[in-house]
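Just need the whole structure built from these sequences, with the hints factored in.
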Amino acid sequence: MLDSGLQIAVQEFATWLNQTQPLVELRRAQEQLETDAEAQRLLVERDKKERELLERQRSGQVISMAEVKTLRQLQSQIQNHPTVRAYLEMQRQLQSYLTDLT
Amino acid sequence: MTDQLRNEEGPAEVTQAKAREAARQFASSLAAAPQYKSFDLARQQLRQDAMGQQAMQDFQRQQQYLLMMQTWGTVSQADQDELQRLYERMMEIPTVQRYVHCQEELARMFQEVALLIGQVIGTDFPPQRSGCCG
Numbered sequence: 001m002l003d004s005g006l007q008i009a010v011q012e013f014a015t016w017l018n019q020t021q022p023l024v025e026l027r028r029a030q031e032q033l034e035t036d037a038e039a040q041r042l043l044v045e046r047d048k049k050e051r052e053l054l055e056r057q058r059s060g061q062v063i064s065m066a067e068v069k070t071l072r073q074l075q076s077q078i079q080n081h082p083t084v085r086a087y088l089e090m091q092r093q094l095q096s097y098l099t100d101l102t
Numbered sequence: 001m002t003d004q005l006r007n008e009e010g011p012a013e014v015t016q017a018k019a020r021e022a023a024r025q026f027a028s029s030l031a032a033a034p035q036y037k038s039f040d041l042a043r044q045q046l047r048q049d050a051m052g053q054q055a056m057q058d059f060q061r062q063q064q065y066l067l068m069m070q071t072w073g074t075v076s077q078a079d080q081d082e083l084q085r086l087y088e089r090m091m092e093i094p095t096v097q098r099y100v101h102c103q104e105e106l107a108r109m110f111q112e113v114a115l116l117i118g119q120v121i122g123t124d125f126p127p128q129r130s131g132c133c134g
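Line by line, the protein sequences are chains V and L. For the first sequence, position 2 matches number 2 in the working numbering, and the numbering has no gaps at all. For the second sequence, position 90 matches number 90 in the working numbering, and the numbering has no gaps at all.
Hints are computed from structural coordinates only; laboratory data are not their basis. By construction, the Cβ of each residue, glycine as well, lies at the ideal position given by its N, Cα and C atoms. Be careful, since some hints might not be right.
To be verified - Here are a few chain V residues that sit away from chain L, every Cβ distance over 10 Å (derived from the structure):
#1 Gln32
#2 Ala37
#3 Glu38
#4 Arg41
#5 Glu45
#6 Lys48
#7 Lys49
#8 Glu52
#9 Ala66
#10 Glu67
#11 Lys69
#12 Thr70
#13 Leu71
#14 Gln73
Claimed, not checked - Across the chosen pairs, the derived CB separations fall in these ranges:
#15 Gln25(L) to Ile63(V): 45 to 51 Å
#16 Ala107(L) to Lys49(V): 28 to 34 Å
#17 Ser59(V) to Gly118(L): 32 to 38 Å
Shown next, in the form of structure tokens:
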């Protein structure tokens with residue numbers, strides 16, 4: 001449980017941060033990503049493959065290089081997708097803004 | 001901050017200045033939090049305890065080794081037993097015990113802070129936490 005002084009400071013900071021341009025733009029990029037069917041399909045497919053490989057790894061099975069390559073290809077497709085790239089760029093800009101701010 | 005200021009459609013510079021001021025206040029509140037003070041003290045005490053530091057390094061080295069081995073699916077029972085043994089030995093040292101406990105408390109506090117910020121701004125905080133596509 002946060003003490004009240006810290007809680008107030010956090011809320012105050014978040015309220016002002018909420019109004020800054022980098023955050024407004026990140027939210028816009030996030031909305032676009034959430035409504036982009038192709039990007040969502042790739043993300044779901046990647047998550048499914050990743051989970052499957054992790055479960056097999058945990059149960060002691062060896063993962064083949066071909067399977068690792070498939071996962072890497074999916075990851076690369078995601079990172080090159082225009083909507084994802086725009087979202088990651090906005091994330092990077094907000095991160096940089098936060099670094100400058102503090 | 002007054003409601004009037006908050007509601008103004010002021011220039012980006014005003015918002016930036018207010019955000020900066022709020023960030024400063026937020027940072028000093030974090031530094032004043034009991035969890036941070038306790039952690040800072042525990043960290044200083046650990047720095048002066050060579051045996052505690054050595055035990056932590058031994059544990060971390062074995063932990064990293066196991067993580068690497070896990071990637072290839074070749075972790076043996078003996079490797080896991082060794083990790084457990086090093087953990088128990090490390091946790092018998094009071095300075096390490098205090099440090100680990102304070103670190104956990106601090107991490108919990110940071111999680112609460114991040115959650116609260118995330119609720120206000122409507123997205124994950126810090127931004128790189130939402131690692132959907134990285």
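Q. Can you list which hints this structure breaks, lowest number first?
A. none
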